[in-house]
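Assembly of the complex is requested from the two constituent chains, each provided in isolation within its own frame, with the hints serving as guidance.
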Amino acid sequence: MRRPRLVKAVAAVVGAGFLFPLAYLVYGTLTSVKSPWDIIAGPETLGPLGRSLTIAVTSGLGAAVVGTALAWLVARTDLPGRNVWRLAAALPLVIPSFVGAAALRAAFGPGALIEFIPRPQGFIGAWIALVALSYPYVYLPAVARFAAIPRSLEEAARLLGDSPRRVFWRVTLPQARGAIAAGTMLVVLYALSDFGAVSLMRYDTLTRAIFSSRLFSPSIAITLGLVLAVVALLAAGSERVLLQDSVAAGAVQPSSLLPLGRWRPWATGAVAAVAGVSLLTPIFVFAVWWLRGPLSGRQDLSTLWESVTELAEPAAGSAVAGSVAALAAVAVTLPVAYAAVRAPGPIISRIPTVVSSVFALPGLVVALALVFFAVRAPDLLFALYQTFPLLVLAYVLHFGAQSMRATAAAIETVNTSISEAAGTLGASPWRRFMTVELPLMRPGLLAGGGLVLLSVLKELPATLLLSPIGFETLATRIWNAAEDGFLAKVGGASLALIALSGLLTWLLVLRPGALRSQLED
Amino acid sequence: MRTLVSIVAMLVLLVACGSGEGTLTVYSGRSEELIGPLLDRFTAETGIEVEVRYGSSADLALVIDQEADRSPADVFISQSPGAVGFLAERDRLEPVDPSVLDMVDPQFHNTDGLWVGLSGRARVLVYNTELVDPAELPSSIFDLTDARYEGKVALAPANGSFQDFVTAMRELEGDDATLGWLEAMADNNSPEYANNSAIVEAVGRGEVPMGLVNHYYNFRAMAEDPSLASQNYYFPPGDVGGLVVVTAAGVVAGTDQADLARQFLEYMLSEPAQTFLTEETFEYPLAIGAQPREGLPPLADVGSLTYDFDRLGGGLERTKELIDASGLEGP
Chain A
1 MRRPRLVKAV AAVVGAGFLF PLAYLVYGTL TSVKSPWDII AGPETLGPLG RSLTIAVTSG
61 LGAAVVGTAL AWLVARTDLP GRNVWRLAAA LPLVIPSFVG AAALRAAFGP GALIEFIPRP
121 QGFIGAWIAL VALSYPYVYL PAVARFAAIP RSLEEAARLL GDSPRRVFWR VTLPQARGAI
181 AAGTMLVVLY ALSDFGAVSL MRYDTLTRAI FSSRLFSPSI AITLGLVLAV VALLAAGSER
241 VLLQDSVAAG AVQPSSLLPL GRWRPWATGA VAAVAGVSLL TPIFVFAVWW LRGPLSGRQD
301 LSTLWESVTE LAEPAAGSAV AGSVAALAAV AVTLPVAYAA VRAPGPIISR IPTVVSSVFA
361 LPGLVVALAL VFFAVRAPDL LFALYQTFPL LVLAYVLHFG AQSMRATAAA IETVNTSISE
421 AAGTLGASPW RRFMTVELPL MRPGLLAGGG LVLLSVLKEL PATLLLSPIG FETLATRIWN
481 AAEDGFLAKV GGASLALIAL SGLLTWLLVL RPGALRSQLE D
Chain B
1001 MRTLVSIVAM LVLLVACGSG EGTLTVYSGR SEELIGPLLD RFTAETGIEV EVRYGSSADL
1061 ALVIDQEADR SPADVFISQS PGAVGFLAER DRLEPVDPSV LDMVDPQFHN TDGLWVGLSG
1121 RARVLVYNTE LVDPAELPSS IFDLTDARYE GKVALAPANG SFQDFVTAMR ELEGDDATLG
1181 WLEAMADNNS PEYANNSAIV EAVGRGEVPM GLVNHYYNFR AMAEDPSLAS QNYYFPPGDV
1241 GGLVVVTAAG VVAGTDQADL ARQFLEYMLS EPAQTFLTEE TFEYPLAIGA QPREGLPPLA
1301 DVGSLTYDFD RLGGGLERTK ELIDASGLEG P
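Quick note, the sequences are listed as chains A and B, same order.
Be aware that the first sequence starts at 1, since it is given in the working numbering, and climbs by one per residue.
Be aware that the second sequence starts at 1001, since it is given in the working numbering, and climbs by one per residue.
For the record, the hints were derived by calculation from the structure and aren't laboratory data.
Some chain B residues close to chain A (C-beta under 10 angstroms, calculated; not the full set):
| no. | residue |
| --- | --- |
| 1 | R1053 |
| 2 | R1070 |
| 3 | Q1079 |
| 4 | Q1163 |
| 5 | N1195 |
| 6 | Y1216 |
| 7 | R1220 |
| 8 | D1225 |
Computed cross-link-like contacts, SDA-like style, restricted to lysine to any residue with a CA-CA straight-line distance of at most 20 angstroms:
| no. | chain 1 | residue 1 | chain 2 | residue 2 |
| --- | --- | --- | --- | --- |
| 9 | A | K34 | B | D1324 |
| 10 | B | K1152 | B | L1328 |
| 11 | A | K34 | B | R1090 |
| 12 | A | K34 | B | R1318 |
| 13 | B | K1152 | B | V1132 |
| 14 | B | K1152 | B | Q1231 |
| 15 | B | K1152 | A | R202 |
| 16 | B | K1152 | B | P1138 |
| 17 | B | K1152 | B | P1191 |
| 18 | A | K34 | A | L46 |
| 19 | A | K34 | B | D1065 |
| 20 | B | K1152 | A | G122 |
| 21 | B | K1152 | B | N1195 |
| 22 | B | K1152 | A | P118 |
| 23 | A | K34 | B | Q1066 |
| 24 | B | K1152 | B | E1183 |
| 25 | B | K1152 | B | G1204 |
| 26 | A | K34 | B | E1321 |
| 27 | B | K1152 | B | S1140 |
| 28 | B | K1152 | A | R119 |
| 29 | B | K1152 | B | P1134 |
| 30 | B | K1152 | B | T1129 |
| 31 | B | K1152 | B | G1206 |
| 32 | B | K1152 | B | A1229 |
| 33 | A | K34 | A | P218 |
| 34 | A | K34 | B | E1089 |
Fair warning: this is a prediction, and the values are worked out from it, not measured in the lab.
Just so it is clear, CB atoms sit at the ideal spot from N, CA and C, and this is done for glycine as well.
If we strip away everything but chain B, and leave its shape as in the complex, we get (with noise of 0.2 angstroms):
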């Protein structure tokens, strides 16, 4: 009986909220821990209600792209280039108002202006304090193909940062010199973890002496353990190991509610924002003036700037042929 009250209380809270004129819904592949606060802010400011459908960046776009013209979702927040990309390639995006764009540095949204970059994660090598000496680390990626490190260097190929790094190097260094590096990282015994997340654990713990991560991990785990014996290392600049993957937003097409969606994107690349995301996730942010928390080094020291992130959307199909052609288990 107590069960049937709190369906029926459930349907007629339901009915309640259903979504009047001054709310936006959007759909984010970026967890609520990274996120959350920020959206509280933005209705606090703008009075502008917010709902938000959490999940993994891949599941969304694959029902935003389903649920087609009925897509209940005005915005979607993607945590890499590949699912808004995904979209975009598939007509589910809407253009995003220039001025949202100018917020940032060309190279950090879409050429067709489908979609904003929100904030950067960077590729670094994680590296165990104890057991790698600072004078053993490469000077580029390419260098980890090298017999000293073998069985060395944890590698996540079924993960979508992963992949996209792998995408970006193909486009910056050909598809013969990619599947050559995948090919040589396979044969020198490369352990493989399932996310970026493992990969920090196993080095922390000394599992493992190296790992390619998002630089942003190792962070957080030092947030929560601060006596972990591993610390990242950042490629030179222009070494594609470096490479700055962007957190990226879209507008959904035929969203009834551009201006909100417009709002929405200006406030996420406003100054407190930025300051929020960097602050509080650790990752860079991309709006031309803002600053990068204490600890992380300058944007523009770290890896390969220069590439089009427009390219890294596409083409997924065969990074994950070259990464299968390799000998590395997956994706």
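One chain only, chain A, in its complex shape (with noise of 0.2 angstroms):
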């Protein structure tokens, strides 16, 4: 298998763009005040490091079982409702995790809107807050997986008297497993790096001990980000030894879809169920926080109009930061995963692992090696420090993981045999990716799209520290508001932000898989 050396070249460039990150860690720790061994085997290392694991694999495990039975029951059963559910479903990705978390702490509990369900708090809060805030990552590219299975794969097991359940076993689910790891590694790497759940449920973990500290005691902080980076690592490479797939593809098809029977309204209930939490109910609180100023009287209804018409720019900002940064990622991501899948070596192997440890840090660890970089690059390059694209450069960084992993799952699905036909056909490698393979690949490109992009929405730290000076995006006026505790504020805002991604997840993921199965019917 002859594959052009300018791929494998391009990907090697790329990830060394990913280890800058890494490179400002191991520079800070080395060069820290303190002995960085003393703070690793100190108890306040080694607590927090344990409650980071156990929260990052049982979230793992739980978005994991969500994302898959939603993908499932969305694009192979007759599930009412589920063109509403396709998008829904995907949402609870967009909510900033501070905002999130506090949404359910103000939701349930004593005193609070549903009183009979105690206050989510401590590990079990942070648990149902990042299974129900970042379950879509497992959703989104198994939901495109699910789509694109054979029809003929399930028809022949069924054919061969399988019961429909072995079939889904058998047959359906290892055909998604790549996707199902590819997100699920990714809920792993989001709890790892997530603060604002874990910090408003009050579980202290790496990332609580890295905030707490950065300011007063940097040389902990930036030792603990070498840690959390090093357990990303492992992590992130642990996967490429479990993961050994053979997948089919061919031409989408219309999927037969599997009648659910007497299961169809215990399925509409756990449906109904996760987006209750996880949208619903968010979606309940911003709605109170917004309108019970001027609904009691006490504000002029004129109020709510000027909140919205001045949510405009920010959302234009959120709007262009977000689809500019996918195309970035997609683009940037494609050759690693298609020289990782189609040709690996002893290098090549190794960089979607420093691709996928970059997006366990906080972002706010991320931003600062840019900006530590960016300090010390020459006059040139540096007059790009806090500009658009050195923006998009540390989305681009932070959440490369995402449309790499969606991409590779994709790649894994491809066919070789098509592409080589195509090869003794007299096609040049180049033609043969664009005409056979990159059409084949395009949902789960839209998908990793869809994730960057949702993600990019709800960033703060690179938005606040390295973005044009004024340039604000929906998040920032979240974050402003909540910051002081304008709750009304923090509610309009979420409100359009949940609203303004669902309109691009549609326009921009969605209807284009949409519109192509349609065409090709």
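What follows is the structure in structure tokens.
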């Protein structure tokens, strides 16, 4: 199998770029005033480290179950209202964890909106919040994969006498294993990096230790950052060993929908319960915060309209930043994924691990790493400091793991024999890639771009520290208002963020996929 | 294609906006809600353009430190003395013009003149009026370790304002007394929250009867929802529980806009700006002669004013050690 060397070279360059945050952490740790070993072996590291690992693994498992079940129900069964669920199930990903967790805490418990459910907190609270807000990392790639499994496979199994349940476990699920594993790893890394949910739920993880020591003891913060990065490298590296996939794909056909029969009400109830916790509860709480002033007559109703119009500019900022970063991330990580899947080698196969590890770092660490290198760059490069291109670079570094994993899962589904057949007919590698492989990968690429888009929409630290001065997004608006407890503004801007992400996800991710399958019918 | 056009448009816009002669760049740890309108007024009155980067005080201080002599920032506004203190210790601030320092009482600026206070925030005990009889309220913060307050007083040990307060307690009462108080609060099962807002919300809905917070959070919560059953209790004068913590501003070392920076700080301490701060944000004005808004007890009647804020900037690490050692979960 001969592949253009260019792809490998590009993959290596991209991989080197993703080493910047790690290099910053290593440099900071080596030059810190305190001995790194004292910090790492201390009780203030080991306790939080154990809790970080616990929340990461359990959140990954929870999100894998929820995301896979939702994806299968939406893509392969006659679940009522599945076209609405298809979009709605992706949206919790856009809710920043600090407002999502605050909304859950405001919704449940004594004195809250729903009194009979205890207020979520501690490990359980952090786990519920993280699973509820991050399961779309599994759902989005899985739903794309389930929709692309050739009908012929399942039909063959059924003709051979397998029950529908057996078909699911033996045929359908293994076909989506790559997508599910890729998504689960994203959840694990996301849970490692999260600060908002764990701090509000008061679960003391490594990220909390990093944040609380960053100002008065920077050497502790940077050493703990390196510990987190090493954990992420190990986690992402272990997956490479675990994953050996063989999957089939053909032209997308209208999938046959499995009738749920008597399970229909149960399935609907389960989907509604997930949506209830992860999307409807936050939306309800945001609406209460936003509307309670005007509706109780204390504020003029016209202030509501004002609060909507003043969100137009940050919404535009969010849309531009999210779409540009999604495109850039897919473009930059496609060669990495392609080289790793099609031309694995001792170095090439490790690049995805490096790319993935950056996603487990808190956004603040990624942003500070870029400041560190930008300030040491020659004038010509420093001119890019705090400009839009540098901000996009920060997004790509932080979230590239998402597009890379979705892309790699998509590449694995493309049967090389189709491309090789095209090769024997005289098509050049580039032409084969553009006309045969790329169209087959498209659902996976869209899903990967969608994940980056949703992540950028809620991103805070890099946006605050590295954006062109005066650049605003809905997420920075929410943060600004939340900092000082202006809940009405938090509510309004959060609703706008959910609406915007719904619109963008439908326009850029779901609709193109749907159009394409209609064209092929 | 449309995306491409917007990128190009944005790049053109960026080049066009490149900072001109009369532009001041401010890194603000105070959020836009609390200071944005004031900056607009400053520009309207002086013609000086202000570009602001908002972020958390700690993150912005870290960035300024890392940017070193290449920092685009001319002025840094901090929510707490901790972040300006961090920069002062690392020689990242230039002395503020003496004419500006003289606008506040000497206790509200750095002794070396590296930063000046803009507004004050009093520490209070917020309580739920349906759950707490005013007669049960403590006469000193040291009473809160009493068994009758067990499990009733919410704390935010990971929050900057709580840490500033603990540092102040160390300076005023000594490390031993401070550690003793922290340990007793931990033993008393004081519930811990992420921040001030979370405590005020929890007290308002009756989840916990009382909590130690900054005074203005309850005013803001009441402005949004006056039916809340929460109210501020100010510790008697002289008690460290009623510490007044300043928000402060400093001039970033190496600025090429020193004169604009001076005008800016002068404006922030002028009568209209100080009135705006207290009316809109419920904080205490610090300029000599400025009056706090209706509803705020006079600054002289609130807690401890004799404290030297300079020390709040340094020594945070020791504060963290004490909080860690006390058994409170946090910082």
